Amino acid sequence: MLNTKKERFHEVMERLELTDYRVYTDVPEITKNMMVKLRNGETQDLSSRILEPFCRYYSQVNPSYILTGEGDMLKEEPHVSEVTEVKSLSNLKSKEVKIDEQMVNLYDFEASAGLRSLLDNNHANIIGPIHIPNLPKCDGAIHIVGDSMYPMLKSGDIVLYKEMPVDMQHLFYGEMYLLSYIIEGDAYVVVKYINKSPQGEPYVTLVSQNPHHADVDIDFRTVNALALVKATIRINCMM
Numbered sequence: 001m002l003n004t005k006k007e008r009f010h011e012v013m014e015r016l017e018l019t020d021y022r023v024y025t026d027v028p029e030i031t032k033n034m035m036v037k038l039r040n041g042e043t044q045d046l047s048s049r050i051l052e053p054f055c056r057y058y059s060q061v062n063p064s065y066i067l068t069g070e071g072d073m074l075k076e077e078p079h080v081s082e083v084t085e086v087k088s089l090s091n092l093k094s095k096e097v098k099i100d101e102q103m104v105n106l107y108d109f110e111a112s113a114g115l116r117s118l119l120d121n122n123h124a125n126i127i128g129p130i131h132i133p134n135l136p137k138c139d140g141a142i143h144i145v146g147d148s149m150y151p152m153l154k155s156g157d158i159v160l161y162k163e164m165p166v167d168m169q170h171l172f173y174g175e176m177y178l179l180s181y182i183i184e185g186d187a188y189v190v191v192k193y194i195n196k197s198p199q200g201e202p203y204v205t206l207v208s209q210n211p212h213h214a215d216v217d218i219d220f221r222t223v224n225a226l227a228l229v230k231a232t233i234r235i236n237c238m239m
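FYI, the numbering for the sequence shown is 1 to 239, going by UniProt numbering.
It should be emphasised that the hints constitute simulated quantities derived from the structure, not laboratory data.
Since we're looking at a predicted model, the values are computed, not measured.
Among the hints, a few may not be true.
Derived BS3-like pairs (lysine-lysine); straight-line CA-CA distance at most 30 Å [unchecked claim]:
(1) Lys75 x Lys6
(2) Lys137 x Lys37
(3) Lys196 x Lys137
(4) Lys87 x Lys37
(5) Lys154 x Lys137
(6) Lys87 x Lys6
(7) Lys137 x Lys98
(8) Lys137 x Lys87
The calculated label-pair distances, taken between Cβ atoms and stated as ranges, are [said to hold, decoys possible]:
(9) Arg49 x Met73: 20 to 30 Å
(10) Asn122 x Pro202: 23 to 33 Å
(11) Glu14 x His212: 43 to 53 Å
(12) Thr68 x Tyr188: 15 to 25 Å
(13) Glu11 x His131: 20 to 30 Å
Using N, Cα and C, we set each Cβ at its ideal position, and we do this for glycine too.
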């Protein structure tokens with residue numbers, strides 16, 4: 001076991017593949033000067049001025065490990081053994097390469113500043129990794145809320161997604177997407193099927209699974225983030 005908080009802090013950074021530059025650019029409360037002094041020894045040990053904002057931002061880190069050396073470096077991760085159902089959703093005609101086993105980060109979407117921010121800052125707001133077998137490559141996972149895709153998806157289910165370009169030419173119509181769009185200054189984040197709109201381009205139709213939710217046509221130019229839903233996970237215990 002490493003002897004100092006400083007050593008354990010740098011060990012955690014190495015585990016997360018974080019550079020000093022990444023930390024002081026990611027975390028507003030941590031400055032370049034603070035990281036340089038810690039690295040070159042001017043600061044003898046880790047202070048709460050660095051540790052507290054670091055653990056808030058990289059929420060998968062177990063602060064007790066850095067403080068005492070006890071416990072796991074990262075918070076407990078959910079395993080497939082806790083999963084009642086993993087369902088692949090992609091119906092793409094082109095054959096996708098499936099990965100025998102991959103680790104996908106589960107993100108705390110409520111703690112992020114929206115879908116665009118979540119996709120751009122993939123080291124932040126991580127709850128923990130999920131190990132998933134036999135699926136195409138995924139970029140991340142989040143819990144969903146609401147009932148618009150019920151019964152296929154229930155509030156609290158996890159969707160695994162792959163980020164896509166915000167470009168109509170890259171849309172796979174009829175597939176399920178996680179997307180965000182802005183109308184009159186209000187931001188919306190939804191999980192919907194995207195179909196062609198009877199209005200023609202640049203409009204698309206957002207379709208729910210739940211028949212109590214009406215279809216909605218939006219101008220695709222209002223979309224600022226887009227991810228293709230690859231699979232869902234339904235769990236039977238609290239993480």
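> Between Asn122 and Pro202, does the beta-carbon spacing fit 23 to 33 Å?
Replying inline: 28 Å Cβ-Cβ, so the 23 to 33 Å window holds.
> Taking only the CA atoms, is the gap from Lys137 to Lys98 under or equal to 30 Å?
Replying inline: 7 Å, holds
>> Can you confirm whether the C-alpha distance between Lys137 and Lys87 stays at or below 30 Å?
In response: 14 Å, holds
>> Hinted pair, alpha-carbon criterion (30 Å max): Lys137, Lys37. Please report holds or violated.
In response: 39 Å, violated
>> Checking one constraint from the list: CA of Lys196 to CA of Lys137, max 30 Å. Satisfied?
In response: 26 Å, holds
> Range hint 20 to 30 Å: satisfied by the CB atoms of Glu11 and His131?
Replying inline: At 22 Å between Cβs, range holds.
>> Check the hint pairing Lys75 with Lys6 against an upper bound of 30 Å on the C-alpha distance.
In response: 19 Å, holds
>> Check whether the Cα positions of Lys154 and Lys137 lie no farther apart than 30 Å.
In response: 23 Å, holds
>> Just to be sure I understand the hint, the distance between the Cβ atoms of Glu14 and His212 should be within 43 to 53 Å; is that true here?
In response: 50 Å, holds
> Is the hinted range of 15 to 25 Å satisfied by the C-beta distance from Thr68 to Tyr188?
Replying inline: Violated, at about 44 Å.
> Is Lys87 close enough to Lys6, meaning Cα to Cα at most 30 Å?
Replying inline: Violated, at about 42 Å.
>> I want to verify a distance hint. Is the separation of the beta carbons of Arg49 and Met73 within 20 to 30 Å?
In response: 21 Å, holds
Taken one by one, the earlier hints fail for this structure at numbers 2, 4, 6 and 12, listed in ascending order.
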